[in-house]
Structure formats: structure tokens, C-alpha cells
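> Start from chain A and add chain B according to the hints.
The chain contents come next:
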Amino acid sequence: MTDLAARLDRLRGDAPARNHDARTIAALTTNPGCGRRGLMDAAGIDKDAVARYLGFPAPFGQSQFAIARGNAFEKQVKDDGFAELFTLLRERLGLPVPQVAIESLDEVGGNHGSELRHAQTRRALARALAGDGSTLFDHPLLRLDIAGQPAYLEPDVLAFRLGDKFYVIEIKSFAIIDGQADPEQVAAAARQSAVYVLALRRLLTQLGHPATAVSHEVILVCPENFSNQPAAAFVDVRKQLSVIERQLSRISRIDDLVAALPEEMTFELGDGLASAIRAVEARYAPDCVSSCELAFFCRDEARACGSTDLLGIAVRDDVGGVETLATALGLADGSLAPSPEQVEIAAKLRLARLLRAQALEGVA
Amino acid sequence: MSTLTALARIEAARTGSAQPLATVRHCHLGEQPLVLIPLKLSGEAAAPLAAMVGTARKDPALLVVAQPRNRDLRFGFAAELAALVLSYVESRQAGTETVPTKDGEGRQRYSDAPQVLVPNPGGITFLRLLGRSTRFRRIDGPYPVEASVPLLGRWLTWLCDRAEQPGSSVLMPMTSMLAGHWATGQSTFEDANLGALLGWLDPPEGMTGPQAALRAEDPLLCPPAGPTTDPGFDNEELAPLLAAYDRAPADQARMAATDRLRRALRRQLEPTWELMWRSIELLRALPEGAHVTGRWEGDRESFTHFAEGVPEGFPQAKRDSAVAAARRLIRLERAQDELDVQRALDDPLVMAEHRLTGEAFAGIVVAAQPDRLDTTGKTPKLRPYLQVRTSDPLRVADGDTVHNAGRKGQKALVVDVNAGTVLLELSSGMGRKRVAEPGSVPEVGDRVCFTTFAADFHRSPVLPPLEQTPWTHGGPPEAYVPGDDEAVAYPPTAADALEVWE
Numbered sequence: 064m065t066d067l068a069a070r071l072d073r074l075r076g077d078a079p080a081r082n083h084d085a086r087t088i089a090a091l092t093t094n095p096g097c098g099r100r101g102l103m104d105a106a107g108i109d110k111d112a113v114a115r116y117l118g119f120p121a122p123f124g125q126s127q128f129a130i131a132r133g134n135a136f137e138k139q140v141k142d143d144g145f146a147e148l149f150t151l152l153r154e155r156l157g158l159p160v161p162q163v164a165i166e167s168l169d170e171v172g173g174n175h176g177s178e179l180r181h182a183q184t185r186r187a188l189a190r191a192l193a194g195d196g197s198t199l200f201d202h203p204l205l206r207l208d209i210a211g212q213p214a215y216l217e218p219d220v221l222a223f224r225l226g227d228k229f230y231v232i233e234i235k236s237f238a239i240i241d242g243q244a245d246p247e248q249v250a251a252a253a254r255q256s257a258v259y260v261l262a263l264r265r266l267l268t269q270l271g272h273p274a275t276a277v278s279h280e281v282i283l284v285c286p287e288n289f290s291n292q293p294a295a296a297f298v299d300v301r302k303q304l305s306v307i308e309r310q311l312s313r314i315s316r317i318d319d320l321v322a323a324l325p326e327e328m329t330f331e332l333g334d335g336l337a338s339a340i341r342a343v344e345a346r347y348a349p350d351c352v353s354s355c356e357l358a359f360f361c362r363d364e365a366r367a368c369g370s371t372d373l374l375g376i377a378v379r380d381d382v383g384g385v386e387t388l389a390t391a392l393g394l395a396d397g398s399l400a401p402s403p404e405q406v407e408i409a410a411k412l413r414l415a416r417l418l419r420a421q422a423l424e425g426v427a
Numbered sequence: 003m004s005t006l007t008a009l010a011r012i013e014a015a016r017t018g019s020a021q022p023l024a025t026v027r028h029c030h031l032g033e034q035p036l037v038l039i040p041l042k043l044s045g046e047a048a049a050p051l052a053a054m055v056g057t058a059r060k061d062p063a064l065l066v067v068a069q070p071r072n073r074d075l076r077f078g079f080a081a082e083l084a085a086l087v088l089s090y091v092e093s094r095q096a097g098t099e100t101v102p103t104k105d106g107e108g109r110q111r112y113s114d115a116p117q118v119l120v121p122n123p124g125g126i127t128f129l130r131l132l133g134r135s136t137r138f139r140r141i142d143g144p145y146p147v148e149a150s151v152p153l154l155g156r157w158l159t160w161l162c163d164r165a166e167q168p169g170s171s172v173l174m175p176m177t178s179m180l181a182g183h184w185a186t187g188q189s190t191f192e193d194a195n196l197g198a199l200l201g202w203l204d205p206p207e208g209m210t211g212p213q214a215a216l217r218a219e220d221p222l223l224c225p226p227a228g229p230t231t232d233p234g235f236d237n238e239e240l241a242p243l244l245a246a247y248d249r250a251p252a253d254q255a256r257m258a259a260t261d262r263l264r265r266a267l268r269r270q271l272e273p274t275w276e277l278m279w280r281s282i283e284l285l286r287a288l289p290e291g292a293h294v295t296g297r298w299e300g301d302r303e304s305f306t307h308f309a310e311g312v313p314e315g316f317p318q319a320k321r322d323s324a325v326a327a328a329r330r331l332i333r334l335e336r337a338q339d340e341l342d343v344q345r346a347l348d349d350p351l352v353m354a355e356h357r358l359t360g361e362a363f364a365g366i367v368v369a370a371q372p373d374r375l376d377t378t379g380k381t382p383k384l385r386p387y388l389q390v391r392t393s394d395p396l397r398v399a400d401g402d403t404v405h406n407a408g409r410k411g412q413k414a415l416v417v418d419v420n421a422g423t424v425l426l427e428l429s430s431g432m433g434r435k436r437v438a439e440p441g442s443v444p445e446v447g448d449r450v451c452f453t454t455f456a457a458d459f460h461r462s463p464v465l466p467p468l469e470q471t472p473w474t475h476g477g478p479p480e481a482y483v484p485g486d487d488e489a490v491a492y493p494p495t496a497a498d499a500l501e502v503w504e
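Same order as they appear, the protein sequences are chains A and B. Position one of the first sequence corresponds to residue 64 (this note's numbering), numbered consecutively onward. Position one of the second sequence corresponds to residue 3 (this note's numbering), numbered consecutively onward.
Honestly, the hints are just simulated from the structure, not real lab data. Please note that the accuracy of each hint is not assured.
[To be verified] Counterexamples of contact, computed for chain A against chain B with all Cβ distances above 12 Å:
#	residue
1	Phe145
2	Asp318
3	Asp334
4	Ser402
[Stated by the list, open to error] Chain B regions said to be covered by chain A (calculated; three or more residues, Cβ under 8 Å):
#	region
5	9-16
6	41-47
7	131-142
8	175-189
9	232-245
10	353-360
All C-beta atoms in this analysis are idealised placements derived from N, C-alpha and C, irrespective of residue type, glycine included.
Chain A on its own, in the form it takes in the complex:
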């Protein structure tokens, strides 16, 4: 065990480690610059439990109806040896799917350990690449180096091999209606799939195969119109791939973050938790609420220090990146002397304040 891994284990304390899942990956791709989230995810910390302990429970309940619907749809697609899926691939997407062999990778002899499962995924894919393995892999466990630290991804996806090409298949239960689906949900699915494509590509490269063996087109399987009938569509994730690769390369390195912390620090539930968390800088944005369990804690923190981050990136940009509400207002009413780089925005804020006042007095 490396030093870093030992430090991360200490940060996590006795709690079991958590793998990256859809939500942490969404957070990773929407707000990669947040050191707090990055560190906690790298250490496999249960942020939900942390947030609850701190009195800022995350707003993510999941409705059992939504879960049931998702499971029922997935089961339907997978039933009878994935019969519906293969029909779709052949008939809708025109793929020449030959005889298939399916391999489930969600456990190794009853063991769900990440390292074991990843090793198994690796072996299975290596066999497939050698030409005598399966063609469809259910629940592969992938690994991706995030911020210099290996992270296991627990994707609810399938990897499908056709000839010498691999495809990521994602089953989602939002509907495609008249050929269109909710753009936000499609975008989220595309971002997620892109992370899996990337992880799969890295694995194949390690096995000595070109990254392009994994298609940049992922296959999205969704119910069609108002029925339960599945439909499939290719989604090109090249754009998302390049965004994620860039974000991963820019991310603050976990070892640097850890090095800056006191040796004995831990995120274990207990009295010192809040101050330990505050010691790692966060980058709060209002939409954190949709992807990170700690969002309400960070929002409270941003509020306490009167940060312009509270109002969203657009507002912050409009006031020239000024960091606090007090500074912005001080520059606007002239009570605060602008620094050289604030001269321009200060003039604009003063004028904005004047114009607002004039308009509200009714003397336009």
C-alpha cells in the first residue's frame, strides 16, 4: 500500500470505501476544480453520511417508482439472454450482430471486491481481444486514474464487442418521444458514458490495443414514446471525451491536496469533522446541488462569507469576477477604492447603480 493510499484510508477512517458511481462522475465532470469533492471521492468517503452528520442532508431521495421503472426496463432489455437488445442492435442500428456470448462481471465467485472484479474484467476483455472470448460484458468494473489516484467506476453499462470494435451500451429509462429525448438527460448520459469510454480505452491501451478500438459512439437504449418498447440510438461522445480528458489533466492532484493537510486529519464522523472539511477548499457553484451530497454544506459556507459564487457563475462573470458581495456593493457605491484591475468593473458597477436608481425613481 502506498503512502498516499494509506493517508486516504486514514481520512476515510473505519467506514467502507465507496466506488465512483454515476453521481460522483457527474460531479467530477461538471465541477472538476473542486478539491474538497475530489479528495473525498478519491478517499471513497460516504459524502451522504458526512452531509447528514453535519446537519446538511443531501436532497437526493430516489422515488421507488423511478427505481422500479428503471429496473423493470433494464430487466426487460436484458431478459431472455438480452433478446430485445440484440434485436434492436440488428434492426434499428443495422449492426451485423453474430452469435453472442454473454459474460456477467458483477462478481467473482460471490466476491464483490473492486480489485478482484477489475482484474476479472481485464482478463475477460483480454480474452475477447485475443478472439476467443465473449462479446457482451455486463457490469464491467473499470478503473480510471483520477487526480493521480486510481478510481474504480461502477458503471451500470454493458461493453459490447463487434469484430474488433467495442461499444459502450447504456440503458436508461427516460423516454425517447418522436425521436427526441429530454436534452438534459441525454447530455448527462453522454457525459457519463464518455467517462466509461475513456476508462475502457485506457484499459485496452494497457492490453496493447489502440484506444480507437473503443468506439466514440455509445449506444443509448431507452423506452420509446409512451410504451415499454426499447429503442436504441447512437450518441457521439467525442466532444464529451475531449472535455473530460482536459478536465482530468487539469484537476488538482490528490497527493498535493493531501500533502497540505495535517498528518492526523480524518473525515471520520465526529466532533472535528466540520473543521476538517473546511480545511480543504471547495469550489461551490449553485448546480452542485444536483450532483454533490455536500452541496448544502458548501452553500452555507459560501453564504457565511458572502461569496458571489452563491449567485452562480453568470452573476460572478457580470461583476468581473469580484469575489464577495460586499466588495461588489462597495465598488458600486464608491465606498471602496478599486484595485488597478477593478477600475473598469468599478466604473461599470457605479454606472449600473446610478441607472437603476434613476429608473426606479421614475426619472428615466
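Just chain B, lined up with the frame of chain A:
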């Protein structure tokens, strides 16, 4: 967003109460809007669960689907909703006015139009899907539905299509209406929650904006405004109630289960119902902008036109053809331009945004030559000079054309710009004579505002007829072939009738 709006938000955040973004109301608000709060079953595209509907605050109708997975019950709900919505639509057709036409005969236009208010944009998305899932239903053959159901689908589709048009007031999400008129001290992301937004605008006695907003984020105190319900409610209340309904052995037990379900859903909907009407009160307190009547006339025009076509017509197509899509896009872009200009002209606070960016300037007339004539041409033309002093940042230069915000159709040429004063040569909007109409030329001491933009007339681009749709746009759309699953219009195909709506 702009620096001006950003500043308003920052002020709101610092003071703990919302700040105005408008001095007038930029949307129509009729005497009798239909408030409609739909709820759907989580995880489903458009399976209705309940709705609270009505035109009177004291008298909401509650519609409930006792088992959203049951097809008959869902269409029963659609029929109940249809009865309410269609009678509302009909009540808007009571009066007409005569619009002059070229042939002198005149035609009739309804003097009112429906106005449906939903809590948020999600409500519109839901109604659009409900419209899509009902308008192709058949009243005969397999899985017949009541005749009102497909009709409801067509009206919902019209409402949702019209709602895309900037400036239309026939179907509006309350969160967008409020956020267009006031700035809160939270992000636009959080403004999407009607309760939190209204918390800032109108906090309960003894609370600040942020306190009220925080309270509104607790789904137990303030249930979400839909269409998706609170997961906690789903798991702890709704699931057992639906299960009880399914288990109920006899009619009487079933009725009791339905009653319990209705009570639970009423508790989820009533807080939002109150929020909707409080929002309406807040908006009513604002005076209406000058151009609102004109835009509402457009809505009444569209309403009249659509209503005339209903008895004979077909349900709206699933997808626009390329030509229809291009036409729609042009219409929407033009409406947006028009709306932007009209809002600025109607509202000094909106105009302030344009003054901040230099697209407009306001100031005082310090010198004027109201009877100046331009004698360089064959006939002398009336071209008064105005000198305007302003402290606004100026982005205009010699030779630019500007428009008088206070007088429609009055243009001026910028002759000279010099350290906070602008010399303008008025060229129109003064009558046809060699002496200006009284009052048409601003006088010394008047406050004036000139803009670089105006509500211009646009000529419609010529689009090819359907059969000449270029290959870049998919070529000419296929004609309708009976039984063809991909046919766009009517009658509905077998597949449509079988869509199970789950």
C-alpha cells in the same frame, strides 16, 4: 444576464429581500387565468398522478389517478381534465370584435383568449407530453377514448406551441414570470423552485427572504411544485396508498382508499396552489406595460385562428417538416427581437440595461432648432436639430441612426458626438408639413431617450414550397400513406393507438 441584473441580485443577497427588475408588468394577466398544477408519477414520461385546476382561488378542482399504471384510469383523468380545460376554452369565446380586412367586410376575432398558468417550465413540458399522448387517441376501434380526450390533446398542443413564442401569455410558468420581474439573492438554479423564489419576494411575517427560501426547500414543509413529486412522499405516503388501492377487495374499500389518496395529494398540491395565487397578486400589483395589449392581441389572433380550424382539422403533426420548422424559427426569432425592443420601450429599468451597454442613451435637451430646414436638396426638408446632454456611456458615432424611445417612428441622425453631448438631426415622426406638428419635436429641458434599435419591419424570407425542400433538409417530406407508421399527421396509426402510456 447583465451587470445591472447582477447588481440587483447582489443587492438582494445583501439586504435579504428581492429587488425589482421591472417597473411594469411585461405579460398579460387576464381577469380569469386558469391555474393548473399537474403532478406525474416519478420515473414515467407522462403518466399523470394528479392535478389541481381552477380559475378561483377558493375553489380548486382536484383530479386524481388512483392507480397511474392503469390505462383506463389515466384516460379517465384525461377526460376529467378535458371537461375543465375545454369548458374554460369555450368560456373565452364568449365575445368577439370585428377586425377590418382589405375587402372591407371585416372578420371576427375573440376578444379574449385562454390563459393557463403552471408553476414552472416542467409543467409545460408535462402538458406538452400529455398533449402528445392524447391528441392521436381514437374514439373508436381498439382502446377507444372519450371524444374530449383527443380534443384536449390538440388544445394542450396549441397552448404549448404558443408558449414557445416569446411574449405570448397563453401558457406561462410562474417561476419565469416572477423571475422576469424581480431579482432574488439566490441563483437562477434555486429560483426554479417556486416556493423558494416566492420566499424571497414575499416572505412570511417575521422572516427574511433567505430564511423563507430555506424553509421552502424542505419538502415536508413545502412540497415541490411538481410535476415530479417529492421522493420522500412517493416512498412513505404514495406507495402505501397506491398499494392499498390495489389491494382493496370491493368497491367500498376502493372508494375509501381513493379518498385517502385524494387527501394525501391535496396536501401535496394545496401549498403550491396558494403560492400560485400569491404570485398572481404580486404580478397584478404591477401596472401593465404599454405593449402588452398588442402582444395579447397576437395571442387572441392565434386563438381565433386555431379555434376556427378545430372542428375540421387534424391533430398537429409529431414533427414539423423542414419548411414549417424554418418558418417557425423565423417567427420565434422575430417575436424575441420585438419583445426585447418593446420591453425596453415600456420600462425604464429595462432601458437602463441598454443604456449601460451604450445601445441607448438618455439625457436632457439643452438646445434645439425645431424649425431648421435642410435646403441642400431640390425641396427644403424639415430637419430639426437637438442637442442632448447625457452622462451615459456613448457608443454612437457620427452618421448613426437612432430612434426616439418616447415617440414611435421618430428617427434621428447623429451629427456630432462631443464629451457628453450629442447633436441629433431629426428626420421623421414630425408630420408631413414643413413645420413640425405641435409636440412632435422635443423641447429644451425635456428628458429624452434614444436607442440604436427599433421594432423594425422585417420582410419574410421566401421559403421553397414543400415539394421543393432541398436535400440538405431531408428532401420533400413523404406524403401520407395510410397504415404507414412514419406518417406524420392523421389518422393515427395502429401503433399510436397501442401506445400504452407508461
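> Compare the structure with each hint and give your call.
Each hint, compared with the structure:
no.	hint	verdict
1	Phe145	holds (22 Å)
2	Asp318	holds (33 Å)
3	Asp334	holds (25 Å)
4	Ser402	holds (18 Å)
5	9-16	holds (count 7)
6	41-47	holds (count 5)
7	131-142	holds (count 3)
8	175-189	holds (count 3)
9	232-245	holds (count 7)
10	353-360	holds (count 4)
The structure shown violates none of the earlier numbered hints.
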